[in-house]
Amino acid sequence: DGGITQSPKYLFRKEGQNVTLSCEQNLNHDAMYWYRQDPGQGLRLIYYSQIVNDFQKGDIAEGYSVSREKKESFPLTVTSAQKNPTAFYLCASGTGAYEQYFGPGTRLTVT
Amino acid sequence: KQEVTQIPAALSVPEGENLVLNCSFTDSAIYNLQWFRQDPGKGLTSLLLIQSSQREQTSGRLNASLDKSSGRSTLYIAASQPGDSATYLCAVPYSGAGSYQLTFGKGTKLSVIP
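As given, the protein sequences belong to chains A and B, one line each in that order.
Residues in the first sequence are numbered from 1 upward in steps of one, following my numbering.
Residues in the second sequence are numbered from 112 upward in steps of one, following my numbering.
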């Protein structure tokens, strides 16, 4: 069963703690992406990676970090430097033809 | 910079009605256009992908058209059902290519009333 998995579905953290969101894909896609979705704001790109061991900042990378050690995995760390981390986080993977497929999302709540 | 607009932001229709969702983009030099569906609290589901060389793409009751010259795409839903209620987003590749990024519209929230 091919697809993208994100875990956990819901995540609760205290302010000041770092937290890591998992994203795994078995579609054999080279590119992977992290988006943040807030009500009324649409999807905003945080980081993306086109190949293993390489990644680029998106529009709102401040306060976030990523790694891409394996083709299948692209974890996102939300650091304590992120001012408003509470949001819905979506991971996607894509082919070289500008087509993207999305995971089910992780809802992060920081209090 | 590519900008994508979807109007209206919300739409409510009675069950059985045919409807059209609109998507416009500012840079017509696109490679393709993708329509997605998002249910509340869920990820995006890809519905249709139209290549720049195509004018239409169909899947079941859904038909998407693309007019690059005018910077528009429409998603036609025939015989709407309550299960079609969701937010529909369109996305086009980011101008300045090479990075495979997409620019998304903010979506149209569709409610189909039984």
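Treat each hint with caution, since some may be false.
[Claimed, not checked] Pair ranges (Cβ atoms, derived):
| no. | chain 1 | residue 1 | chain 2 | residue 2 | range |
| --- | --- | --- | --- | --- | --- |
| 1 | A | N53 | B | G152 | 28 to 36 Å |
| 2 | A | T111 | B | S181 | 46 to 54 Å |
| 3 | A | S67 | B | S123 | 40 to 48 Å |
| 4 | A | K83 | B | S139 | 33 to 41 Å |
| 5 | A | T79 | B | S164 | 24 to 32 Å |
| 6 | B | G171 | A | T5 | 45 to 53 Å |
| 7 | B | G194 | A | T79 | 35 to 43 Å |
| 8 | B | V131 | A | I60 | 27 to 35 Å |
| 9 | B | D150 | A | F12 | 19 to 27 Å |
| 10 | A | E15 | B | S170 | 24 to 32 Å |
| 11 | B | G194 | A | K9 | 17 to 25 Å |
| 12 | B | S222 | A | K57 | 49 to 57 Å |
| 13 | B | K217 | A | E62 | 37 to 45 Å |
| 14 | A | S80 | B | G194 | 38 to 46 Å |
No lab work stands behind these hints: they were computed from the structure.
A virtual CB, placed ideally from N, CA and C, is assigned to each residue, including glycine.
The hints, checked one at a time:
1. A:N53 to B:G152: 28 to 36 Å: 33 Å, holds
2. A:T111 to B:S181: 46 to 54 Å: At roughly 47 Å between Cβ atoms, S181 of chain B and T111 of chain A fall inside 46 to 54 Å, so the hint holds.
3. A:S67 to B:S123: 40 to 48 Å: Holds, at about 44 Å.
4. A:K83 to B:S139: 33 to 41 Å: Holds, at about 37 Å.
5. A:T79 to B:S164: 24 to 32 Å: Roughly 43 Å apart at Cβ, these two residues miss the hinted range, so it is violated.
6. B:G171 to A:T5: 45 to 53 Å: The hint (45 to 53 Å, Cβ to Cβ) is violated, given that G171 of chain B and T5 of chain A are roughly 26 Å apart.
7. B:G194 to A:T79: 35 to 43 Å: 40 Å, holds
8. B:V131 to A:I60: 27 to 35 Å: 32 Å, holds
9. B:D150 to A:F12: 19 to 27 Å: 23 Å, holds
10. A:E15 to B:S170: 24 to 32 Å: 44 Å, violated
11. B:G194 to A:K9: 17 to 25 Å: 22 Å, holds
12. B:S222 to A:K57: 49 to 57 Å: The hinted range 49 to 57 Å is violated for S222 of chain B and K57 of chain A, with Cβ atoms some 37 Å apart.
13. B:K217 to A:E62: 37 to 45 Å: Distance hint for K217 of chain B, E62 of chain A is violated at roughly 22 Å.
14. A:S80 to B:G194: 38 to 46 Å: 42 Å Cβ-Cβ, so the 38 to 46 Å window holds.
Taken one by one, the earlier hints fail for this structure at numbers 5, 6, 10, 12, 13, listed in ascending order.
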